[in-house]
Amino acid sequence: MASEGNQPFLPLDIIINILKRVSVKSIVQFRSVCKDWKNLFKTPNFIAEQARHSAHQNPLLLLHESDYDYKATPPFLRLVNQKMETVEVLTIPSINCFKHGWKIIGSCNGLLCIQVHPDQGRSPCSLCLWNPVIREVREIPETTRNARNDYLDMHKFGLGFSSVINDFKIVKFYKQELHKKKNKKKAALLRHHGVEVYSLSTGSWKELEFVALQNTTIISKASSVDGTIFWLGLQDSCHVLVSFDVGTEVLTTTQIPLTSRHQVYKTTTTLSVYQNKFAIYQYYCDCSFNSIDIWAMEEVATESGKSFSCVKICNVSTIAYFFGPLCIWRNEIVCRDEVENVSERKYYLELFNVTTKKGKKFPDSDSSVYHFCAGFNYEESLMSVWNS
Amino acid sequence: MSSSVEAITVLSSDGDEFKITVSAAKLSKPLNWMLEDVCFSDDCDEVPTIEVNSKTLVKVIEYCEKHAPRANSGASDSDAEELKKWDIEFMKMDVKDILFHILMAANYLHMEGLYDLACQTAADLMKGMTVSQIRKIFHIKNDFSSEEQEQLRRQHPGCSFD
Numbered sequence: 001m002a003s004e005g006n007q008p009f010l011p012l013d014i015i016i017n018i019l020k021r022v023s024v025k026s027i028v029q030f031r032s033v034c035k036d037w038k039n040l041f042k043t044p045n046f047i048a049e050q051a052r053h054s055a056h057q058n059p060l061l062l063l064h065e066s067d068y069d070y071k072a073t074p075p076f077l078r079l080v081n082q083k084m085e086t087v088e089v090l091t092i093p094s095i096n097c098f099k100h101g102w103k104i105i106g107s108c109n110g111l112l113c114i115q116v117h118p119d120q121g122r123s124p125c126s127l128c129l130w131n132p133v134i135r136e137v138r139e140i141p142e143t144t145r146n147a148r149n150d151y152l153d154m155h156k157f158g159l160g161f162s163s164v165i166n167d168f169k170i171v172k173f174y175k176q177e178l179h180k181k182k183n184k185k186k187a188a189l190l191r192h193h194g195v196e197v198y199s200l201s202t203g204s205w206k207e208l209e210f211v212a213l214q215n216t217t218i219i220s221k222a223s224s225v226d227g228t229i230f231w232l233g234l235q236d237s238c239h240v241l242v243s244f245d246v247g248t249e250v251l252t253t254t255q256i257p258l259t260s261r262h263q264v265y266k267t268t269t270t271l272s273v274y275q276n277k278f279a280i281y282q283y284y285c286d287c288s289f290n291s292i293d294i295w296a297m298e299e300v301a302t303e304s305g306k307s308f309s310c311v312k313i314c315n316v317s318t319i320a321y322f323f324g325p326l327c328i329w330r331n332e333i334v335c336r337d338e339v340e341n342v343s344e345r346k347y348y349l350e351l352f353n354v355t356t357k358k359g360k361k362f363p364d365s366d367s368s369v370y371h372f373c374a375g376f377n378y379e380e381s382l383m384s385v386w387n388s
Numbered sequence: 001m002s003s004s005v006e007a008i009t010v011l012s013s014d015g016d017e018f019k020i021t022v023s024a025a026k027l028s029k030p031l032n033w034m035l036e037d038v039c040f041s042d043d044c045d046e047v048p049t050i051e052v053n054s055k056t057l058v059k060v061i062e063y064c065e066k067h068a069p070r071a072n073s074g075a076s077d078s079d080a081e082e083l084k085k086w087d088i089e090f091m092k093m094d095v096k097d098i099l100f101h102i103l104m105a106a107n108y109l110h111m112e113g114l115y116d117l118a119c120q121t122a123a124d125l126m127k128g129m130t131v132s133q134i135r136k137i138f139h140i141k142n143d144f145s146s147e148e149q150e151q152l153r154r155q156h157p158g159c160s161f162d
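Going line by line, the protein sequences match chains A and B.
Going by the UniProt record's numbering, the first residue of the first sequence is number 1, and it counts up by one from there.
Going by the UniProt record's numbering, the first residue of the second sequence is number 1, and it counts up by one from there.
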């Protein structure tokens, strides 16, 4: 046993067992140790094992801030750690589709799904997958359903990952073009008319059965937890939870007893994860009250597959102040509000704890001048955008 | 095996004798097999050798003795919490010299808990190390040609070979 500093030669399987517990940041740095390591870090098995070890440990908060005028003020993407400090400002890839308007529509296992503004970009892709840590970007081809007059919020998307089949999938609910429906039922135009799914490993889109979703309109952004993607939908003015199983590609809807409050001034309903469960939180306010409800969804096995039952786990009412919730991060709600000065509008970010009913200001959020802000849970990973 | 035996004697690879209680030895599958196969009663003079050096074996036995009560009976949450704290302290020893030996021993003795703990400790230690420090502790040679290094630097700005 050669001993330099008395260190034995470790067998490869032990080295691999150590390396899969190393942070993604360090792995990226250690690619230049030797060729064997560089190749090891690219194997699907290692990537999956590494992800398993770091899963749900320390999600960072990804903040995407942007302004009306895209060219005057480029968007700002940053990662915030558990101490609420900005740890990294992400460099946006210098490829064509990022030069114009875009937004993040999903964050899952280290991959971000980006939707590109079709009007300005005229780029061949309308969707991109991006892993910022390993600096990989993949343009996702257009579906046949893409129309020239698409606008940014016309379709609803979702990104999910199944560790069972080790594949990412993107789901797209599309709406028919307006001019083709000449007559009568205008209400029908608001509904989604079909759904397609893109698999990262096959690299192609395919149409899915839509029967269960007749008369359903997706009204929320997607959220994904452990191989399932969720959306909130409206079916005959009732709220439904739409779920997509990434592994089996089965779509289901579940009725949920969310309160519709027409009289309130503002309602925001968002999907998220709270205490390791998929959750829905609803924020509403009018002149006299502000309130937050959190609902947790429990998976229930039924004869026809899986279903969800909805349990209200938290109601916080009479919150002293008004805020705009962005997302739930580490079981606290990230909120944003504006302060109006004489000269300009400024925004600040806060973390609100529903148990203590107290908010904590983000230390470096005082001077934000961006009008828009979106928040995502983000876990660094080695997952390649090219194949799973 | 006589049921009266509470501790057994083993030899390290350096030839030193160590005592380990039966309940602690049960944390290791190979040691457990030895317990079943070998006669450990008083009149048996065969002392099994464990291919682990003395310095490392002391630590391994210390770990086993600490973890044995919980492994054998199951424990409350407060015990688990205390044990976690103890593990952190235990791993604060002179790791640079002994950690890799403990890893090899835990692997050889099929001790899952200690193996995971030691792997995690090693992973945590690697954080913040430079590439050349990593090569040194793992005895790895830089096998990239200068062209390959150049190419990697182009692909991944900021990547370092030192």
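Keep in mind that the hints were calculated from the coordinates and are not lab data.
Think of the CB as a built atom: it goes at the ideal place given N, C-alpha and C, for glycine as much as any other residue.
Check the hints yourself; a few may be wrong.
[Unchecked claim] With a straight-line Cα cutoff of 16 Å, these simulated EDC-like cross-link-like pairs (lysine to aspartate or glutamate) come out:
(1) K35/A with E36/B
(2) K83/A with E332/A
(3) K361/A with D337/A
(4) K35/A with D162/B
(5) K35/A with D143/B
(6) K141/B with E338/A
(7) K35/A with E6/B
(8) K25/A with D124/B
(9) K277/A with E299/A
(10) K66/B with D16/B
(11) K206/A with E299/A
(12) K38/A with E148/B
(13) K26/B with E112/B
(14) K38/A with E112/B
(15) K206/A with E136/A
(16) K19/B with E6/B
(17) K66/B with D79/B
(18) K29/B with D14/B
(19) K38/A with E150/B
(20) K35/A with E150/B
(21) K361/A with E85/A
(22) K312/A with D293/A
(23) K55/B with D116/B
[Claimed, not checked] To give an idea of the chain B side of the interface with chain A (calculated C-beta under 8 Å), a few residues:
(24) H110
(25) Q120
(26) A123
(27) F144
(28) S146
**Request:** Mind checking the CB of H110/B against every CB in chain A and telling me if the closest is under 8 Å?
**Result:** At about 13 Å, which exceeds the 8 Å cut-off, the nearest Cβ of chain A leaves the hint on H110/B violated.
**Satisfaction of hint between E136/A and K206/A, Cα-Cα up to 16 Å** = Violated, at about 24 Å.
**Message:** Check whether the Cα positions of K361/A and E85/A lie no farther apart than 16 Å.
**Reply:** holds (11 Å)
**Message:** Checking one constraint from the list: CA of K361/A to CA of D337/A, max 16 Å. Satisfied?
**Reply:** Holds, at about 11 Å.
**Asked** Taking only the CA atoms, is the gap from K29/B to D14/B under or equal to 16 Å?
**Response** Status violated; Cα separation ~22 Å.
**Asked** Hey, K38/A versus E112/B, does the alpha-carbon distance stay inside 16 Å?
**Response** violated (28 Å)
**Message:** Hinted pair, alpha-carbon criterion (16 Å max): K25/A, D124/B. Please report holds or violated.
**Reply:** Holds, at about 12 Å.
**Proposed proximity, E6/B with K35/A (alpha carbon, max 16 Å)** = violated (50 Å)
**16 Å limit on alpha-carbon distance, applied to hinted pair K83/A and E332/A** = Holds, at about 13 Å.
**Asked** Straight-line Cα separation of K206/A and E299/A no greater than 16 Å?
**Response** violated (27 Å)
**Request:** Verify the proposed pairing of K35/A with D162/B, using a straight-line Cα cut of 16 Å.
**Result:** Judged against 16 Å, a Cα distance of about 15 Å means the pair holds.
**Message:** Hint Q120/B vs chain A: min CB-CB distance below 8 Å?
**Reply:** Given a least distance of 5 Å, the restraint on Q120/B holds.
Checked against the numbered hints listed earlier, the structure breaks hints 1, 6, 7, 10, 11, 14, 15, 18, 23, 24, 28; every other hint is satisfied.
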